[in-house]
Structures are given as structure tokens and as C-alpha cells.
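Given the sequences, and given the hints that come with them, work out the whole structure.
In order, the protein sequences belong to chains A and B.
Everything in the first sequence is counted per my numbering, starting at 1 for the first residue and increasing by one.
Everything in the second sequence is counted per my numbering, starting at 1 for the first residue and increasing by one.
No lab work stands behind these hints, which were simulated from the structure alone.
Errors might be hidden in some of the hints.
What the hints assert, rightly or not - A short, non-exhaustive set of chain B residues, derived as facing chain A with CB atoms under 10 Å:
(1) Gln39
(2) Gln43
(3) Leu45
(4) Glu46
(5) Trp47
(6) Trp50
(7) Asn55
(8) Asn59
(9) Gln62
(10) Arg84
(11) Val93
(12) Tyr95
(13) Ala97
(14) Asp106
(15) Gly109
Stated by the list, open to error - Using C-beta positions, here's what the derived DEER-type ranges look like:
(16) Asn31(A) / Pro14(B): 38 to 46 Å
(17) Asn57(B) / Ser10(A): 35 to 43 Å
(18) Val5(B) / Val58(A): 44 to 52 Å
(19) Ala9(B) / Gly57(A): 22 to 30 Å
(20) Gln65(B) / Val15(A): 42 to 50 Å
(21) Leu60(A) / Asn55(B): 18 to 26 Å
(22) Thr71(B) / Asp17(A): 23 to 31 Å
Stated by the list, open to error - To be clear about the criterion: a stretch of chain A counts as covered by chain B if any three or more of its residues have a C-beta under 8 Å from a C-beta of chain B, and this derived list gives those stretches:
(23) 36–50
(24) 69–77
(25) 95–105
Every residue gets a Cβ at the ideal spot worked out from N, C-alpha and C, and that includes glycine.
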Amino acid sequence: DIQMTQSPSSLSASVGDRVTITCRASQVISNSLAWFQQKPGKAPKSLIYAASSLQSGVPLRFSGSGSGTDFTLTISSLQPEDFATYYCQQYNSYPLTFGGGTKVEIK
Amino acid sequence: QVQLVQSGAEVKKPGASVKVSCKASGYIFSNYGISWVRQAPGQGLEWMGWISVYNGNTNYAQKFQDRVTMTTDTSTTTAYMQLRSLTSDDTAVYYCAREKPSSGKDYWGQGTLVTVSS
Numbered sequence: 001d002i003q004m005t006q007s008p009s010s011l012s013a014s015v016g017d018r019v020t021i022t023c024r025a026s027q028v029i030s031n032s033l034a035w036f037q038q039k040p041g042k043a044p045k046s047l048i049y050a051a052s053s054l055q056s057g058v059p060l061r062f063s064g065s066g067s068g069t070d071f072t073l074t075i076s077s078l079q080p081e082d083f084a085t086y087y088c089q090q091y092n093s094y095p096l097t098f099g100g101g102t103k104v105e106i107k
Numbered sequence: 001q002v003q004l005v006q007s008g009a010e011v012k013k014p015g016a017s018v019k020v021s022c023k024a025s026g027y028i029f030s031n032y033g034i035s036w037v038r039q040a041p042g043q044g045l046e047w048m049g050w051i052s053v054y055n056g057n058t059n060y061a062q063k064f065q066d067r068v069t070m071t072t073d074t075s076t077t078t079a080y081m082q083l084r085s086l087t088s089d090d091t092a093v094y095y096c097a098r099e100k101p102s103s104g105k106d107y108w109g110q111g112t113l114v115t116v117s118s
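Pasting the structure below:
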């Protein structure tokens, strides 16, 4: 199975900050990488697919990059509604696997 | 608009089975697959498996291989996930998500809480 390692596991940031979350795959997954946002008590929301393509309706302050084994999710200017937990997931091969999550908290 | 609406919360005893439904609307059901993902209390997301609505092919996580069955009913555009031999470790919120193998998940259901308790 492909292991997905996210870092950091949590971070504190202020509104307006630039935030970067990294995700590393244990083997090459091309660009088959998705990012999700989850708020407490809610279903995950899909943000990015194919490492860098935004899902419809996702604000442009979210961006993704990377290929191979190393990926990043960047929020260019953190907004109050962005405080949540973020997960990466590879869909290059079965079983599909998620990273452990990164909780973004208010500083 | 695309919607995935799941069935309501369930309480089950250890050893029982549960069947969660996921009613799809707003798109051509057979053009996408459905993945099932669960989340235990306070934990991360765990992929359980995927079913192709087009041909019924499935791919299950090894962990659930022996006790999960995923099906679809194209006449009602509904996907189902049945999990057998429940234990307390199966207490979790179960999500369905629309998915294409080439582009991953885009829409999610609201989740179904399954509680396993004696």
C-alpha cells in the first residue's frame, strides 16, 4: 500500500497568512493526488484533484502543486472560513490512501 | 445540482450487519463510480472501497474484503454499502462520494453515523 505522510499535523495561523501543507507519498503516484477540507461535524469537501486542478467553486486562494512523491497545498491568504482539517489522498493505485490530516487552527 | 443523500443513523449490536444507502441525483449515475469512506470518532479518513456503477466492478480495501459488499441500483440511482460482523471498532461516520478513477472524488454525501454497542 502507498503511505501518505502529511506535515505538519497541526498549525496555528492568523487571518491573512500564507499557509502551506505538504504531503509525501511512499512511492511515485504521478499527479494522482487530491486534497480535501473537513470542518467539524461536516462531510469532507473536495478542493483539488490531479495535484493542481481546482474543483468547481473552490476559491482561487487555494492552490496545489507537485508531482511524483511530493505535493503541497497552499492557501495564499487564510480566511476565517478556512480553519479546518485538510487531507491529501492518492488515487494512483488501489487501495486508495489518505494522509493523516493537518488541522489549521486560529493563532 | 449533484447531490448524494445518505440514509439515517443506525445503532447495531455487535455481530450484526448494517446497510447504508446513498441516493444520487443531478447527474448520469452510470458515468461515475461510488467510493465509501469512513471516519471513526476523532480519527482521520479511511477508504473502504469503490464500485463502478457502469459495470458493477468493485475494489475493496483488504481490511474489509471479507465482510463488505458494495452494490448499486441503477433504477433508483442508489448505491449501497453493507458491512457484516460489526464490532465496536466499526463505530464511525460512513460517507459515500462520487468518483472517477481518473480524477478522484468530487461530491460527498452528508455521512451516516453507525454506532455499534451492546
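Do the hints match the structure? See the list:
no.: 1; hint: Gln39; verdict: holds, 8 Å
no.: 2; hint: Gln43; verdict: holds, 9 Å
no.: 3; hint: Leu45; verdict: holds, 5 Å
no.: 4; hint: Glu46; verdict: holds, 7 Å
no.: 5; hint: Trp47; verdict: holds, 4 Å
no.: 6; hint: Trp50; verdict: holds, 7 Å
no.: 7; hint: Asn55; verdict: violated, 16 Å
no.: 8; hint: Asn59; verdict: holds, 5 Å
no.: 9; hint: Gln62; verdict: holds, 7 Å
no.: 10; hint: Arg84; verdict: violated, 19 Å
no.: 11; hint: Val93; verdict: holds, 8 Å
no.: 12; hint: Tyr95; verdict: holds, 6 Å
no.: 13; hint: Ala97; verdict: holds, 8 Å
no.: 14; hint: Asp106; verdict: holds, 5 Å
no.: 15; hint: Gly109; verdict: holds, 7 Å
no.: 16; hint: Asn31(A) / Pro14(B): 38 to 46 Å; verdict: holds, 43 Å
no.: 17; hint: Asn57(B) / Ser10(A): 35 to 43 Å; verdict: holds, 38 Å
no.: 18; hint: Val5(B) / Val58(A): 44 to 52 Å; verdict: violated, 22 Å
no.: 19; hint: Ala9(B) / Gly57(A): 22 to 30 Å; verdict: holds, 28 Å
no.: 20; hint: Gln65(B) / Val15(A): 42 to 50 Å; verdict: holds, 45 Å
no.: 21; hint: Leu60(A) / Asn55(B): 18 to 26 Å; verdict: violated, 37 Å
no.: 22; hint: Thr71(B) / Asp17(A): 23 to 31 Å; verdict: violated, 46 Å
no.: 23; hint: 36–50; verdict: holds (count 8)
no.: 24; hint: 69–77; verdict: violated (count 0)
no.: 25; hint: 95–105; verdict: holds (count 7)
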